[in-house]
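Colleague: If you want the building blocks of each chain, they are given just below.
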Amino acid sequence: MSTRHHSAEKAALLEVRGLHVEFLTPEGLVHAVNGVDFDVARGESLAIVGESGSGKTVAAMALVGLVPSPPARIRGERAVLNGLNLLALDDRKLSEVRGSRIGFVFQDPLSALNPVLTIGRQISEVIERHLNIKGGEAKKRAVDWLVRVGIADSQDVADSFPLQLSGGMRQRAMIAMALAGEPELLIADEPTTALDVTVQAQIVDLMLQLRDDLGMALVWISHDLGVVAGLADRVAVMYAGRIVESASAQDLYGRPVHPYTRGLISSVPDLRAERLSRLATIPGGTPDPMALPPGCAYFPRCGISEHECEARVPVTTSISSSHWIACTPAAKEIEVAERQGDE
Amino acid sequence: MNKRGTALLEVSDLKVQFAPRGSGLWSNSKGVVRAVDGVSLTLQRGETLGLVGESGCGKSTLGRAVLGLVGAASGSVWFDGHEITAMSNREVRRIRPRIQLVFQDAGAALNPRWRARDLVAEPFKIHLRLEGVVLQQRVDAMFETVGLDLALGKRFPRELSGGQRQRVGIARALALEPDLLVCDEPTSALDLSIQAQIINLLQDLQDQLRLSYLFIAHDLGVVRQISDRVAVMYLGKIVEMATRDRIFEEARHPYTQSLLSAVPVADPEHASTHGWKGMSGEVPSPSSPPRGCNFCTRCGSKGEVENRLNIDCDMTEPELISVGDLHEVSCHLFSAN
Numbered sequence: 078m079s080t081r082h083h084s085a086e087k088a089a090l091l092e093v094r095g096l097h098v099e100f101l102t103p104e105g106l107v108h109a110v111n112g113v114d115f116d117v118a119r120g121e122s123l124a125i126v127g128e129s130g131s132g133k134t135v136a137a138m139a140l141v142g143l144v145p146s147p148p149a150r151i152r153g154e155r156a157v158l159n160g161l162n163l164l165a166l167d168d169r170k171l172s173e174v175r176g177s178r179i180g181f182v183f184q185d186p187l188s189a190l191n192p193v194l195t196i197g198r199q200i201s202e203v204i205e206r207h208l209n210i211k212g213g214e215a216k217k218r219a220v221d222w223l224v225r226v227g228i229a230d231s232q233d234v235a236d237s238f239p240l241q242l243s244g245g246m247r248q249r250a251m252i253a254m255a256l257a258g259e260p261e262l263l264i265a266d267e268p269t270t271a272l273d274v275t276v277q278a279q280i281v282d283l284m285l286q287l288r289d290d291l292g293m294a295l296v297w298i299s300h301d302l303g304v305v306a307g308l309a310d311r312v313a314v315m316y317a318g319r320i321v322e323s324a325s326a327q328d329l330y331g332r333p334v335h336p337y338t339r340g341l342i343s344s345v346p347d348l349r350a351e352r353l354s355r356l357a358t359i360p361g362g363t364p365d366p367m368a369l370p371p372g373c374a375y376f377p378r379c380g381i382s383e384h385e386c387e388a389r390v391p392v393t394t395s396i397s398s399s400h401w402i403a404c405t406p407a408a409k410e411i412e413v414a415e416r417q418g419d420e
Numbered sequence: 017m018n019k020r021g022t023a024l025l026e027v028s029d030l031k032v033q034f035a036p037r038g039s040g041l042w043s044n045s046k047g048v049v050r051a052v053d054g055v056s057l058t059l060q061r062g063e064t065l066g067l068v069g070e071s072g073c074g075k076s077t078l079g080r081a082v083l084g085l086v087g088a089a090s091g092s093v094w095f096d097g098h099e100i101t102a103m104s105n106r107e108v109r110r111i112r113p114r115i116q117l118v119f120q121d122a123g124a125a126l127n128p129r130w131r132a133r134d135l136v137a138e139p140f141k142i143h144l145r146l147e148g149v150v151l152q153q154r155v156d157a158m159f160e161t162v163g164l165d166l167a168l169g170k171r172f173p174r175e176l177s178g179g180q181r182q183r184v185g186i187a188r189a190l191a192l193e194p195d196l197l198v199c200d201e202p203t204s205a206l207d208l209s210i211q212a213q214i215i216n217l218l219q220d221l222q223d224q225l226r227l228s229y230l231f232i233a234h235d236l237g238v239v240r241q242i243s244d245r246v247a248v249m250y251l252g253k254i255v256e257m258a259t260r261d262r263i264f265e266e267a268r269h270p271y272t273q274s275l276l277s278a279v280p281v282a283d284p285e286h287a288s289t290h291g292w293k294g295m296s297g298e299v300p301s302p303s304s305p306p307r308g309c310n311f312c313t314r315c316g317s318k319g320e321v322e323n324r325l326n327i328d329c330d331m332t333e334p335e336l337i338s339v340g341d342l343h344e345v346s347c348h349l350f351s352a353n
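Residue numbers (the numbering used here), protein chains in the order written: chain Z, 78 to 420; chain V, 17 to 353.
What the hints contain is simulated information worked out from the structure, not anything from laboratory work.
Misleading hints may appear alongside valid ones.
To be verified - A short list of chain V residues far from chain Z (calculated; beta carbon distances all over 12 Å):
1. Thr58
2. Asp96
3. Ser104
Said to hold, decoys possible - Residues on chain V that point at chain Z, a partial pick, calculated with CB under 8 Å:
4. Glu70
5. Leu275
6. Val279
If you're wondering where the values come from, they're calculated on a predicted model, not measured in any experiment.
Positions of the beta carbon are idealized from the N, C-alpha and C atoms, including for glycine.
With the rest of the complex left out, here is chain V (with noise of 0.2 Å):
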């Protein structure tokens, strides 16, 4: 297989559809649900690039086909100069142990009948085949490492409350040292002041292991604390990536900006001067978006694009376009110039 770039990860132009529900012989649906439109990003060793977005606008589809759980309609995957999209089942499982994925809820991603230190030495034992001694040094060790107390060992999963169970999750992740770890909302479900130390242990444990994250996440204060650059998603497509100070500062497309003055602030002060950038109306459903640009339906600057640049948003899509260093915006306001 061709060697690409210096990349760990690589997404090229990757679709990934789904067939409509009732679709089939005697359906005469025809919206298939694009969930990942022309997706293209790279991502380097040691690198974290936060993936955001509202709900239904493709992030975990687009983590998913990277670890090659869902298959692609069309572009391609390459993880460390290997292509994913083009390898059979049995290749995939090979490079797999590489990628590995944090879940959301931890609990129901761990087998409840499994005592805790049976969950992590998993791993080691069917992928490694470790036994004896040398498998419970390793699992000792990496409960060390995701800093569990050796006693919850033999705690069942719903035994440990949700931050333990979520570095118990981390640990079995860890196991075959991968080189990049897709986290899909890993501290959603878990309370405020539990969601800070396993962010801090995910960014200990990136400086120690040089691991790549791919972290996907709807809080955005979230993703900023642990984010190198960030992609905004929006309808399965990109709207606009940079560095991630470039997002939180100078973000450009309608929609970031908008996403943006929507977070709330733990501040009355902020509260009651910050209005937010209103934005009407919810996301368009991805088996019917819109023709041209996919934000038109709720975008504030449609007029000004109209009026000044002649561009017809509901008509012309927008390319990803580079606006400096590292951050590239899908909106018309920028393509023109």
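Pulled out of the complex, with its shape left as it was, chain Z reads as follows (with noise of 0.2 Å):
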């Protein structure tokens, strides 16, 4: 059985609660982060999905020191990593913490590797810096990691710089020297928008059985709902530096609640209707993080706001055990709903 249909009873490994990451830049104050909670549990895949500038990236990377402070401020009442709070961590224990307990994949393999070192010998080096391993026997298990990950002639890519692979072989070398520590959490960053549609399916079938594998938890960031549907177990839905709405993947996309949410699922273009119709749009855009709305910052495109919702920043509300969202009138609704039918 998945861990798609049990994991809100699981402890949380990785537990984020308030966190805020603002940029001091000439031009002003970016509030790239606006105070964001959430969990992962032990493998689990969470989806972070949001559009360019809603501060997904920034808030996975702030919480492991890979956002550079300053110009960055970082501050959030915790972020505890299965009872280590990486917030109160300085820079020399974070970076212990990365490779080790958090693995990364990124977008860009090619930006993360380094181009004058071969692969083998940079994932040789994450299995001897954090697992205390030295000299053959790593470089043994970095050759098993390239295999693991599906490449089948191993001992060449290992002897290969970055630059002579192709990017689906970049990004599984990448995906091997992210896991060759060990973590307990992977986050892997939009790490198949550069591919090829039919080289996304491998790379997404291999990140989950290797989850599967290791029982690591996922942290997966991506602007694509139709990614993210085949992989997450929840979705985090973000917009203006907040997650305006949290659920189960079957809810996220079966009874999305928020204006934000339904917009965006309606506006994919969908392979499967059967007579197609002019693709409904979302006005406007979104809004200049130097510049937010004071109250909710969907409120200038939203379809269903109030009067409150342009001065009032909407509190969250649960709708189920593992299903919550930010919106003030939706969360009305939905109580007029309950109520008629309690009566």
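These two chains come separately, so use the hints to put the complex back together.
Modeller: Pasting the structure below:
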């Protein structure tokens, strides 16, 4: 049975509360992440979905010291990984956490891999550093990891430099490197966006299989609602630095509640639709993170907004044990429906 | 020049080749890159032909050859009765206003020092020599056509959002009243909620202005939304071409089927019940394509063809043959019947 159905009962591996990230720039203060809460359970896949500038990448990277500070200002109530408060660690401790307890896969492996070291050398360095295994044994394990990520001629690839490999191969090598330190949590930031769809499908299959084999948790950051549907147990939708809806994948796609989530889902061209109709659109564009609206950031584009949305940031409302939204009118509507149901 | 059929655009057995890097007098490298390797297609007035395929399949190069931006090694491109591939540069310049390009990255295609209004005015000034009130009226009208607020005219490209920049790019492309737009991934750099706005705009403009689109994209959902017919390219060749509905409902070529099944669908139920028709490996290099069928190194039907039909896919190249109304496939599975 997949973890999708019982993830809610599991203890959190990572618990994030009230995360804020701001950037001090010459033009002004950029509010990138504005109070984000989420949990990831062991063995679970959480997808963080949003459009460009929504803060999804910054939120994940800030947790592990990959957002340089300054210019960033990172604060939060807590961000606890299995008992360890990441927000209280200094740079040296955070760099130990990276690679050993949290692995990373980026959209562009070329910018994350060292161009002048062979793939094998880069993976064995991770093994030597984090698992304290040296020399020939580390090299052998590096090649083993390349086999595990589905590279057939693993010895040849281990002896290659990043630029000698295709995009799909580089991404597999990057995944091997991220896993070689045997992390509890893997954060993947748009790992398939630069790949063709057939290679993307291969990489998604690989990541899910590795997650199941290794029992690690996966945080998948993406703008692509299609890819996320195929891999996430839970989905958090971000808009202008806040999570506006969080639910199991079934609920999020089957019963989306927040008007932004609903708008996003209906603007995806559906390959299965029998009759083609005009695409639904969301009017306007995302707000300037230097001048966010005082209330709900989605207010200027929203079709169901009320007067109070303009001035007041919506509080989060639970719809079920694993489904919540941050939308005042939608929450009211649900409350009314429930009251009528009780009567 | 001869008149040909009624099609607005007719491409016939077109080949475009690039010399490999480092070639020249002292080089011994042989592999010429066959970016477009014998493509034939037609496009009618008011029609949209979607051109899909993975990176490196030659779809953008084909678009550039239609615009006369890259030369053909052989074959021909005819536009409204004129053979572009036989024209001098001067003649190409004369016909080019009728064929315009919409880029993926509108920001990179716009001069960063110019304001939106000046960018839209430029083609009117240079090609039509308009000025004064007439020019301003035409620019205003064009802003309205593409749904840009006039107040945005003062802004520089970097002060516009991605969707607004793409609207400026489309306005520039439309200024000279072209017949054909080559749209090269026009929405792939845009956010989802903006992508839908631009697709709807392109459809509205087509209805109003009776434009033809050669619509190049890798996103099959977008292509289905906008296309009348679809051509699927693999390693420089068209492997399947049909009406939109036939491609998406009755695809025949193993590559098209695999490509369609790899497209993620925004529905977890679907994802858990529909696996994709696995296709191993990646696209071979276009400088050393397989000898027989281009797709034979990744094809799941190769065994069937070889056992049942006794054709060696590694050695024998399939031809593009008709399997129904406006439906062509290049695969031995069908050529033997």
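Colleague: Hey, does the V:Val279 contact hint survive, CB to chain Z under 8 Å?
Modeller: 6 Å, holds
Colleague: If you take the shortest Cβ to Cβ gap from V:Leu275 to chain Z, is it below 8 Å?
Modeller: It holds, given that the least Cβ distance between V:Leu275 and chain Z is near 6 Å, below 8 Å.
Colleague: Decide, holds or violated, for the assertion that all CB atoms of chain Z are farther than 12 Å from the CB of V:Ser104.
Modeller: 38 Å, holds
Colleague: Min Cβ distance, V:Glu70 to chain Z: is it shorter than 8 Å?
Modeller: 4 Å, holds
Colleague: Looking at V:Asp96 again, its CB stays over 12 Å from all of chain Z?
Modeller: Non-interface label on V:Asp96 holds, nearest chain Z Cβ at 29 Å vs cutoff 12 Å.
Colleague: Is it correct that the beta-carbon of V:Thr58 has no partner in chain Z closer than or equal to 12 Å?
Modeller: 23 Å, holds
Hint compliance for this structure: every hint is met.
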